[in-house]
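Novice: The listed protein sequences derive, respectively, from chains L and A. With the first letter of the first sequence counted as 1, position 131 gets the number 131 in the working numbering; the numbers rise by one all the way through. With the first letter of the second sequence counted as 1, position 129 gets the number 129 in the working numbering; the numbers rise by one all the way through.
For the record, the hints were derived by calculation from the structure and aren't laboratory data. Check each hint, because a few of them may be wrong.
From chain A, some residues computed to sit far from chain L (all C-beta separations above 12 angstroms) [what the hints assert, rightly or not]:
| # | residue |
| --- | --- |
| 1 | 198 |
| 2 | 199 |
| 3 | 238 |
Now the stretches of chain A that chain L is said to cover, found in silico as 3 or more residues with beta-carbon under 8 angstroms [stated by the list, open to error]:
| # | stretch |
| --- | --- |
| 4 | 8-19 |
| 5 | 35-47 |
| 6 | 50-56 |
We put the beta carbon where it would ideally sit given N, CA and C, even for glycine.
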Amino acid sequence: MAVALRVVSERELAEDLVHDAFVVVWQKIDRFDATRGSLRSWILTIVRNRAIDRLRATKPRIEIGDADDRSLLQTSSNPTWDEAVERLGVLQLRTAVERLPAEQREAIELAYFGGRTYREIATITGVSQGTANGRLRLALAKLRAALGGTDAAPNGLVAERANLPGTER
Amino acid sequence: MTDDLSCEHADELGAAFVLGALGADESRAVEDHLATCDQAHAELRAMLGADHVLAMSLEPTAPSAALRDRLMVTIARTPQEPSTRIKAAAPAMDLQERHGWLDWLSPRVSRPLAVAAVVAALAFGALNVSLQSQLAQQDRALRAVADAISVGGVAFRVNGSAGRGYVVDTPGSGAALVVAGLTNLPADRIYELWLIDASGKPVAVGTFTPSGSAVAVAAVDRDLTGFVTFAVTVERQRVSAPTSTPVMVGNLKAS
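When you get a sec, could you build the whole thing from the sequences and use the hints?
Specialist: Shown next as structure tokens:
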């Protein structure tokens, strides 16, 4: 519910999206594959994709395809993230996100809650596409480290920093 | 655009892929690359699932009662896709193999029952179960589970020191106990379910061990017909007659 509301900003519309998403879950539960991630993750993906598609319907956008089929095709999740969600509360998760550098947090929020591609994020924030993409990579790497996963710097970003003005740590 | 995506390019696009920040062609190319490439792609795979941390970092927003009611009505009227993977021999077993979130679904619970419980519990609290522990919210969640499961059937309230919930009976799917706030047990103890007839004779109808999750669902092995009371006791092993005082009891004559 919170994800839908964050994306579309209207409670009535958000409830419609949640309703429709759960009906999809009801209809397609047999297609859920637990080896690809938790049921919660799958449902969140359905809700988010439907909300983004609704958001896009009001704007000139690239064609993305059916939201539910994208949800079903989702590649297996790394258990680190689900374990962090199980272990930590909302406040700790939010703190980890808020502690990201502002430009990195902005980039991932534009992507996940705003449904923007990294190319669009580059345009919106006035940086190169490489920098916008680099911000997404750095943000997720830092988030993973903050939540207890391995602190592995994204490969290639050092080189990108050297080559792409505006790519930051 | 990127049918022949290189490993390096796939890694570079990993975060954008995870966050849904790729166009359809690029996203499909990354998905296809991961499905077919024999390289580890450790960084990219480590990112998969990160988007859900963003979702779960939001303050939970409770759905309205109107949404709950509307969803229950829709679900009752909406057929499910025919099952293609799991048959009755071990329903819902594969749903339990990872992460433990569905541990509360007993592997012996029939699939329709399990599905109804999943949908209803998810809709009304289980997604944020660690945050919505107030009894009123749990009760609403349980009532919704019972409502969903008992479409065309019956739900009976059960209460006791170990927890509270419902025994639900769905034609064609059998009966089940759905309970919240269940007390965890020592490793050498189990919960045993009983049906008791008018003469007071108990019949053992199943056992289960709580997983620590907020909602537990356990199958009842017998039809409720002819019984007047449902009870749960704590035992060391499955027994044919209770050895302890019930920790939950429900009257099967009251709806």
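Novice: Does the structure break any of the earlier hints, and which numbers would those be?
Specialist: Structure breaks no hint.
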